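Q: Each chain, letter by letter, is given below.
Number of protein chains: 2
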Amino acid sequence: MAKKSAKDCFIGFDLGGTKMMAVVYDGTFNVLGRRKRKTKGAEGVESGLTRVSRTIEEALEDADISADQITGIGVGCPGPLDLDKGIMIDTPNLGWKNVKLAQRLKDEFGCPAVIANDVDAGVYGEYRFGAAKKSRCVVGVFPGTGIGGGCVYEGRLIRGKVGSCFEVGHMQVVPDGPLCGCGKRGCLEAVASRLAISSACVAAAYRGDAPHLRAAVGTDISKIRSGTIASCVQAGDNTVERIIRNAAGWIGIGVANIVNLICPDTIVLGGGLVEALPGLFLEEVEKSARERVMPAYADTFKVAVAELGDDSTAMGAAGWAQHTLQGND
Amino acid sequence: MAKKSAKDCFIGFDLGGTKMMAVVYDGTFNVLGRRKRKTKGAEGVESGLTRVSRTIEEALEDADISADQITGIGVGCPGPLDLDKGIMIDTPNLGWKNVKLAQRLKDEFGCPAVIANDVDAGVYGEYRFGAAKKSRCVVGVFPGTGIGGGCVYEGRLIRGKVGSCFEVGHMQVVPDGPLCGCGKRGCLEAVASRLAISSACVAAAYRGDAPHLRAAVGTDISKIRSGTIASCVQAGDNTVERIIRNAAGWIGIGVANIVNLICPDTIVLGGGLVEALPGLFLEEVEKSARERVMPAYADTFKVAVAELGDDSTAMGAAGWAQHTLQGND
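Protein chains in written order, with my numbering: chain A, 6 to 334; chain B, 6 to 334.
Calculated directly from the structure, the hints in this document are not laboratory data. There may be inaccurate statements among the hints.
One copy or any two copies: either way a pair holds, since identical chains are not told apart in the list.
[To be verified] In silico DSSO-like links for lysine-lysine, alpha-carbon gap of 27 Å or less: (1) LYS166 with LYS292; (2) LYS12 with LYS111; (3) LYS41 with LYS102; (4) LYS307 with LYS24; (5) LYS45 with LYS90; (6) LYS307 with LYS189; (7) LYS307 with LYS166; (8) LYS105 with LYS45; (9) LYS90 with LYS307.
Just so it is clear, the structure is predicted and the values come from calculations on it, not from any experiment.
Looking at chain A on its own, in the form it has when it is part of the complex:
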């Protein structure tokens, strides 16, 4: 791995709510080194930024290169963000406010840094390096605690006024439907996120309709992992399978609405639960979406499962830094 002679390297950084990760790439995006640690946002901004810097330094050590071999740093982080100024405006799950992250990294490592929304970075990663390579237009839909989304149109991340957009999870799909975390009703993520699925699963376990799930985790929603759900489906918890098919059908409605609007070539589904049950999600999302798109659009798009897994945000952020700084794609 050691490349003392490497030039034009990029750092991709994934700043998550619980963990952070730095990955060092060479100019053709081979991994030269990496480092991961816990985020510990509650210890405050200054402590957190020190942890970010140490993680980058140790990834550079792992890659055996020095800071002056880096052309740029890309960071994927939770929003809302001021993309032009490189500022994390207010990050509730870290407790950080008004953090001038890009400037800080620039001062520290002597190279330009850009920030992007974590989901956007992941979608960009799939566009550059993963399931949607060379797509004219790709939309990512990532069900997790909510449902994140992003769009790369003709090589560029679609963005809002100052920050990220493509809030797929807050498309209203059920008029006067279940209450959503955002305070509105009937949003897609209120009926189809991994959290909505988990909550339906524990209700089924409580009723006695999901014996494997009940045996595995009882009825405590905080104990459910994507792997738990997948293994209970495989073990024969039919109700759990139906819950997922139902949720995936709603996601298909969201996908159909997106296809009718922006007509992407590729829809990438991602996140831990999708990657644990790729066949089930692909089948139901595609079926539901194809039933609902305009007839003329029926053959214009494909649905695919994300390929980069846990590296998508870091790799996409590094690729986005390269695109932003050098115009590559």
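With the hints as your guide, set chain B onto chain A.
A: Coordinates of chain B only, in the frame set by chain A:
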């Protein structure tokens, strides 16, 4: 108006189902001349294309300029289109198929020609010259027989694989809702187009709930014009007003979904009925949309009524030709 010395002129052409119109613009988009005639699509492609050419020639005469003073021609026409090749693929309401319109105009007038979807051209017109000037991102929503839509993002019309997109009217807003003309159920245009409004109005007239409307047009939907509906609201047909407010509320749901996705600065509402009752539509669409967008997006957009009226498609098509050929915007 006569400008024998004018250079760098553009022709904007609106090729509609019932009428066609050519407008001659100088390089700063002052109108130099115009001509309108019936389309008569049923008389066949060759006859129709001859009518197109004569209409352009007569608009040039009206402007008192010759074909060699034209830099380009932009045509807004009904889809589906192959935008790159300038071909009208299949236009049901004209009965035309595989018409190489751009090449034909180029051969005839000796200057490049581009085609655009008529609604896209109208939205682009509002972006360049009307209610959405200089918007980073504008979405047009035009309720008519269906509900047309278009999007200009950072100066460019968002497009699908080969043709237009932004089929706002086919967003599913009511699961298992009323049947739509596209064969699906619960599409926005099935509950909120001018046609859906008219159909609810004749039912109200039949029930005796819309006395002014009944007196004006009886119960025949084909007799209802946008002006009829507007004057009945003003005369006190409360049920007609409620029908419109209800439809506008649905449009607001569609607008909220669009804002949550693509976060436009400006939503332009257009079409005859909106322009006949601008206050009513603005109020209900805005209220409904602001109730449903992500809290962070509440102040990022404005809703406006189209300003170019019947000229929007021709003017937008001419502006798009200038943008495409010269990079202006």
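Q: Confirm or reject each hint.
A: Status of the hints after comparison with the structure:
Taking identical chains as interchangeable, the C-alpha atoms of LYS166 and LYS292 lie at most 27 Å apart only when they sit on different chains, with a minimum of 21 Å there against 34 Å within one chain. Within a single copy, LYS12 and LYS111 get their C-alpha atoms as close as 18 Å, which meets the 27 Å cut-off; across copies the closest is 50 Å, which misses it. For the homomeric pair LYS41 and LYS102, the shortest alpha-carbon distance inside one copy (23 Å) is at most 27 Å, but the shortest distance between copies (59 Å) is not. With identical chains, the CA atoms of LYS307 and LYS24 are never at most 27 Å apart, being 32 Å at best within one copy and 38 Å at best between copies.
With identical chains, the CA atoms of LYS45 and LYS90 are at most 27 Å apart within one copy only, with a shortest distance of 25 Å there and 56 Å across copies. For the identical chains of this complex, LYS307 and LYS189 are inter-copy neighbours only, at 20 Å across copies versus 31 Å inside a copy, given an alpha-carbon limit of 27 Å. In this assembly of identical chains, the alpha carbons of LYS307 and LYS166 lie at most 27 Å apart only when taken from different copies (12 Å versus 29 Å within one copy). Taking the shortest alpha-carbon separations for LYS105 and LYS45, only the intra-copy value of 18 Å comes in at or below 27 Å, while the best inter-copy value is 62 Å.
For the identical chains of this complex, LYS90 and LYS307 are inter-copy neighbours only, at 24 Å across copies versus 35 Å inside a copy, given an alpha-carbon limit of 27 Å.
Of the numbered hints stated above, the single one contradicted by the structure is hint 4.
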